[in-house]
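**Student:** Chains A and S supply the protein sequences, listed in that same order.
Just so we're aligned: 381 in UniProt numbering is position 381 of the first sequence, and the numbers increase by one with no gaps anywhere.
Just so we're aligned: 261 in UniProt numbering is position 261 of the second sequence, and the numbers increase by one with no gaps anywhere.
The set of hints was computed from the structure by calculation and includes no laboratory data.
In this text, all values refer to a predicted model and were calculated from it rather than measured experimentally.
A hint or two may mislead.
Identical chains blur together in the list; that is why a pair holds if it fits in one copy or across any two.
To be verified - EDC-like, lysine to aspartate or glutamate: derived pairs with alpha carbons at most 16 Å apart:
#1 K39 to E241
#2 K234 to D262
#3 K39 to E302
#4 K275 to E302
#5 K354 to E427
#6 K134 to E301
There are 2 protein chains.
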Amino acid sequence: MHTFSTLSFTPCKTLFQPMARFCCSMAVEEKGLVSYCTKVERNANLEKLQYNYLFPEISVRELRHIKKYPNAKVISLGIGDTTEPIPDIVALSMANYAKSLATPQGYKGYGAEQGNQELKKAIAETFYKDTGIKDSEVFVSDGSQCDISRLQMLFGSNVSIAVQDPSFPAYIDSSVIIGQTGDIEKESGRYQNIVYMECGPRNNFFPDLSKTARTDIIFFCSPNNPTGHASSRKQLEQLVEFAKRNGSIIVYDSAYAVYITDGPRSIYEIPGARKVAIEVSSFSKVAGFTGVRLGWTVVPEELVYSNGFPVINDFNRIVCTCFNGASNVAQAGGLACLSSDGFKAVRSNVDYYKENAEILVNTFTSLGLRVYGGTNAPYVWVHFPGSDSWDMFNEILEKTHIITVPGSGFGPEGREFIRVTAFGHRENILEASERLRSFLS
Amino acid sequence: MHTFSTLSFTPCKTLFQPMARFCCSMAVEEKGLVSYCTKVERNANLEKLQYNYLFPEISVRELRHIKKYPNAKVISLGIGDTTEPIPDIVALSMANYAKSLATPQGYKGYGAEQGNQELKKAIAETFYKDTGIKDSEVFVSDGSQCDISRLQMLFGSNVSIAVQDPSFPAYIDSSVIIGQTGDIEKESGRYQNIVYMECGPRNNFFPDLSKTARTDIIFFCSPNNPTGHASSRKQLEQLVEFAKRNGSIIVYDSAYAVYITDGPRSIYEIPGARKVAIEVSSFSKVAGFTGVRLGWTVVPEELVYSNGFPVINDFNRIVCTCFNGASNVAQAGGLACLSSDGFKAVRSNVDYYKENAEILVNTFTSLGLRVYGGTNAPYVWVHFPGSDSWDMFNEILEKTHIITVPGSGFGPEGREFIRVTAFGHRENILEASERLRSFLS
Numbered sequence: 001m002h003t004f005s006t007l008s009f010t011p012c013k014t015l016f017q018p019m020a021r022f023c024c025s026m027a028v029e030e031k032g033l034v035s036y037c038t039k040v041e042r043n044a045n046l047e048k049l050q051y052n053y054l055f056p057e058i059s060v061r062e063l064r065h066i067k068k069y070p071n072a073k074v075i076s077l078g079i080g081d082t083t084e085p086i087p088d089i090v091a092l093s094m095a096n097y098a099k100s101l102a103t104p105q106g107y108k109g110y111g112a113e114q115g116n117q118e119l120k121k122a123i124a125e126t127f128y129k130d131t132g133i134k135d136s137e138v139f140v141s142d143g144s145q146c147d148i149s150r151l152q153m154l155f156g157s158n159v160s161i162a163v164q165d166p167s168f169p170a171y172i173d174s175s176v177i178i179g180q181t182g183d184i185e186k187e188s189g190r191y192q193n194i195v196y197m198e199c200g201p202r203n204n205f206f207p208d209l210s211k212t213a214r215t216d217i218i219f220f221c222s223p224n225n226p227t228g229h230a231s232s233r234k235q236l237e238q239l240v241e242f243a244k245r246n247g248s249i250i251v252y253d254s255a256y257a258v259y260i261t262d263g264p265r266s267i268y269e270i271p272g273a274r275k276v277a278i279e280v281s282s283f284s285k286v287a288g289f290t291g292v293r294l295g296w297t298v299v300p301e302e303l304v305y306s307n308g309f310p311v312i313n314d315f316n317r318i319v320c321t322c323f324n325g326a327s328n329v330a331q332a333g334g335l336a337c338l339s340s341d342g343f344k345a346v347r348s349n350v351d352y353y354k355e356n357a358e359i360l361v362n363t364f365t366s367l368g369l370r371v372y373g374g375t376n377a378p379y380v381w382v383h384f385p386g387s388d389s390w391d392m393f394n395e396i397l398e399k400t401h402i403i404t405v406p407g408s409g410f411g412p413e414g415r416e417f418i419r420v421t422a423f424g425h426r427e428n429i430l431e432a433s434e435r436l437r438s439f440l441s
Numbered sequence: 001m002h003t004f005s006t007l008s009f010t011p012c013k014t015l016f017q018p019m020a021r022f023c024c025s026m027a028v029e030e031k032g033l034v035s036y037c038t039k040v041e042r043n044a045n046l047e048k049l050q051y052n053y054l055f056p057e058i059s060v061r062e063l064r065h066i067k068k069y070p071n072a073k074v075i076s077l078g079i080g081d082t083t084e085p086i087p088d089i090v091a092l093s094m095a096n097y098a099k100s101l102a103t104p105q106g107y108k109g110y111g112a113e114q115g116n117q118e119l120k121k122a123i124a125e126t127f128y129k130d131t132g133i134k135d136s137e138v139f140v141s142d143g144s145q146c147d148i149s150r151l152q153m154l155f156g157s158n159v160s161i162a163v164q165d166p167s168f169p170a171y172i173d174s175s176v177i178i179g180q181t182g183d184i185e186k187e188s189g190r191y192q193n194i195v196y197m198e199c200g201p202r203n204n205f206f207p208d209l210s211k212t213a214r215t216d217i218i219f220f221c222s223p224n225n226p227t228g229h230a231s232s233r234k235q236l237e238q239l240v241e242f243a244k245r246n247g248s249i250i251v252y253d254s255a256y257a258v259y260i261t262d263g264p265r266s267i268y269e270i271p272g273a274r275k276v277a278i279e280v281s282s283f284s285k286v287a288g289f290t291g292v293r294l295g296w297t298v299v300p301e302e303l304v305y306s307n308g309f310p311v312i313n314d315f316n317r318i319v320c321t322c323f324n325g326a327s328n329v330a331q332a333g334g335l336a337c338l339s340s341d342g343f344k345a346v347r348s349n350v351d352y353y354k355e356n357a358e359i360l361v362n363t364f365t366s367l368g369l370r371v372y373g374g375t376n377a378p379y380v381w382v383h384f385p386g387s388d389s390w391d392m393f394n395e396i397l398e399k400t401h402i403i404t405v406p407g408s409g410f411g412p413e414g415r416e417f418i419r420v421t422a423f424g425h426r427e428n429i430l431e432a433s434e435r436l437r438s439f440l441s
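Let the sequences and hints guide you as you build the complete structure.
**Tutor:** Here it is as structure tokens:
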């Protein structure tokens with residue numbers, strides 16, 4: 001969803017290397033960087049974590065490009081960040097809530113850690129109608145990325161996980177941080193103890209489950225970021241059946257589900273999912289809340305550990321201990337989004353981005369390229385068979401001044417693809433489309 | 001800071017017991033509660049975690065009391081939650097920010113995970129003047145409790161920790177969750193592998209460091225919740241010296257520091273602290289932001305692990321992977337709090353609560369009780385030598401219809417104390433004072 005920002009201070013390159021023994025004294029003597037080291041050992045899990053160079057590297061190349069072409073108008077179709085104003089009805093609702101905090105009647109202190117009851121009810125009714133999800137199974141969060149980490153704290157270090165390849169990096173990174181993985185294998189770029197489920201054109205972006213090893217946890221994102229593929233009902237039925245057979249728990253990320261036109265928008269539309277699946281989701285791409293920060297997680301009561309203990313009880317404990325509820329102002333905005341008029345208004349922004357996606361899909365398709373995603377997702381996944389994604393990134397940037405995202409940043413299976421975001425002002429999308437047509441045709 | 005809410009569904013009591021082997025089939029056969037169990041083992045760390053019954057138990061007793069005395073006007077001096085409206089200037093700033101999100105010029109998507117640059121600068125200037133703390137060392141959060149858990153993810157399971165006894169339960173609970181502790185010892189109520197630093201009247205609420213075992217991490221809260229004791233400069237110098245000698249890292253919780261009239265408000269006022277201390281803090285009790293959710297954490301560049309690697313680099317990675325920044329609306333409010341007029345206004349609320357504290361201190365003192373805290377903190381810690389804190393809780397509730405907090409909920413050293421909060425409307429504080437005077441005199 002987001003970049004890894006680099007800090008403004010200059011870190012000592014040598015200190016980034018795993019230098020186990022004399023590094024402190026070396027640092028003190030040679031570099032004058034530090035005059036004293038604590039005796040606390042660096043967390044070995046963080047030592048395993050590879051520096052995610054994707055977005056910082058894109059920034060570096062963008063800056064270099066701007067230096068080379070100071071007059072070029074660079075268009076970013078890179079980071080998937082919403083660009084359109086949030087609807088008045090939603091903004092006003094937050095504004096009124098904030099103003100009321102200055103009054104004796106309107107002031108509110110701590111809310112429930114699990115979220116405002118009205119909002120939980122509205123989420124259950126809006127997104128989980130007829131699936132049997134209850135208000136009490138909805139936990140309001142400050143965004144799905146944050147809850148993915150809280151879910152990792154819930155599971156602990158002794159579980160095994162599977163992820164789609166390619167996928168949003170937070171699943172793997174949080175897994176490494178919590179200690180579920182081994183070291184990274186340099187050649188494959190893959191961590192030990194993680195099952196990578198390859199998803200590409202040859203398997204219709206759905207893993208071959210007959211060849212997929214059992215894991216405790218299966219992270220599954222639909223529509224997928226970056227491929228934009230929304231799994232069909234049949235595919236999700238297979239996934240639920242697979243989890244059930246293996247006794248696995250699916251963590252289903254539906255952050256982009258509102259972009260789905262045809263097909264299930266929640267894992268709970270699949271019979272039996274309540275026993276095997278947690279769902280994380282977000283207002284970020286529904287309502288342009290990337291900066292406002294609001295999301296939710298559903299943990300059904302029927303989901304239990306091998307000893308029969310309900311997962312929801314432990315998740316509730318994590319939420320109470322490690323979180324203290326989403327901002328009440330953001331929650332007021334979320335509630336407004338789910339009112340009848342509010343939802344129409346946010347849907348209209350979603351439709352706008354979907355039109356952008358259509359323009360981009362048509363552009364690439366008209367150029368003879370194979371394009372995936374874009375119809376049920378705000379991401380377009382463009383295939384350049386036989387090419388390297390960084391080369392394509394460079395070539396597109398050089399010739400069109402457009403920033404994209406090299407697919408390999410999301411996993412080895414992305415190496416022949418670039419991801420193009422449909423989040424953007426229409427005039428930029430149209431201009432990008434023109435530039436691409438003249439460059440690639 | 002907050003209660004552990006109980007879920008609205010009724011959990012099966014038997015499932016709460018650690019039943020390792022046949023619990024799933026038992027649950028299926030005997031109870032009809034679940035028809036299927038996954039094969040995922042419950043996180044053993046969560047199994048160790050004791051149910052924190054403190055606030056739920058208080059609620060149960062409150063409800064029972066209300067049933068018994070339906071006409072009584074119960075006054076809560078229990079949970080430490082702010083009650084006074086936030087200043088207009090702060091509320092309006094949030095309202096205006098929210099409204100501007102509906103305009104093309106004012107809309108903002110993702111912000112920096114580390115927080116808005118202006119806010120970081122204002123935090124550094126307001127709270128860390130002359131201590132050498134730089135903007136880039138400040139990480140804006142959604143509250144100190146959340147960052148305590150992120151710090152535990154940073155440290156991982158292989159560190160040892162020390163906590164004050166009594167103390168706010170989140171340090172210990174997050175330590176158990178991340179796997180730093182052994183089991184709880186039933187008799188002492190203490191977890192193995194945690195060093196409990198006793199803080200009471202006989203040591204002026206500061207641990208005897210000559211008898212304190214070395215740990216990697218030392219959680220230290222000043223002013224302390226629940227005792228209200230603000231450590232003196234001399235005490236903090238000893239603490240920094242102790243950490244330095246042992247190569248430990250102090251996690252200094254200064255969430256209540258704005259209540260300090262005399263003495264250091266930040267650990268960084270102590271020379272050398274930059275090399276040994278992280279500071280977590282919050283707008284909750286500064287500005288009544290308990291529901292708005294905003295805090296910060298400072299990680300100095302000079303703080304390095306035993307191998308010379310800067311802690312700030314790893315914390316930055318945690319913030320980028322496990323968090324995505326505090327709500328931009330809340331951050332706009334935070335910035336307004338730190339403007340010249342804004343800070344005057346929030347200080348006036350702090351002064352109001354401090355006057356409440358003075359009223360409570362005078363009340364208990366005039367009754368011949370020994371009272372601690374209250375002068376540099378919004379909590380008053382009342383000593384009932386030889387009594388049990390739950391008995392005192394019951395007696396006060398029965399006779400005065402006032403809810404307090406039994407000190408034993410914060411650790412064994414609190415067993416003869418009750419905590420009384422100074423957060424409340426003045427008329428309630430005054431009425432509580434009268435009731436206490438007539439009951440206890």
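**Student:** If the cut is 16 Å between Cα atoms, do K39 and E302 qualify within a copy, between copies, both or neither?
**Tutor:** between (45 Å within a copy, 14 Å between copies)
**Student:** State whether the alpha carbon distance between K234 and D262 is at most 16 Å within one copy, between copies, both, or neither.
**Tutor:** within (13 Å within a copy, 67 Å between copies)
**Student:** First find the shortest C-alpha distance between K39 and E241 inside one copy, then the shortest across copies, and answer within, between, both or neither for a cut-off of 16 Å.
**Tutor:** between (49 Å within a copy, 14 Å between copies)
**Student:** Between K354 and E427, at a C-alpha cutoff of 16 Å, which is it: within one copy, between copies, both, or neither?
**Tutor:** within (15 Å within a copy, 56 Å between copies)
**Student:** Are the CA atoms of K275 and E302 at most 16 Å apart within a copy, between copies, both, or neither?
**Tutor:** Answer is within; shortest intra-copy Cα gap is 5 Å, inter-copy 49 Å.
**Student:** With identical chains, the pair K134 and E301 could be close in the same copy or across copies; at 16 Å between alpha carbons, which is it: within, between, both, or neither?
**Tutor:** Within. Shortest intra-copy distance 9 Å satisfies the 16 Å Cα cut-off; inter-copy 47 Å does not.
Of the numbered hints stated above, none is contradicted by the structure.
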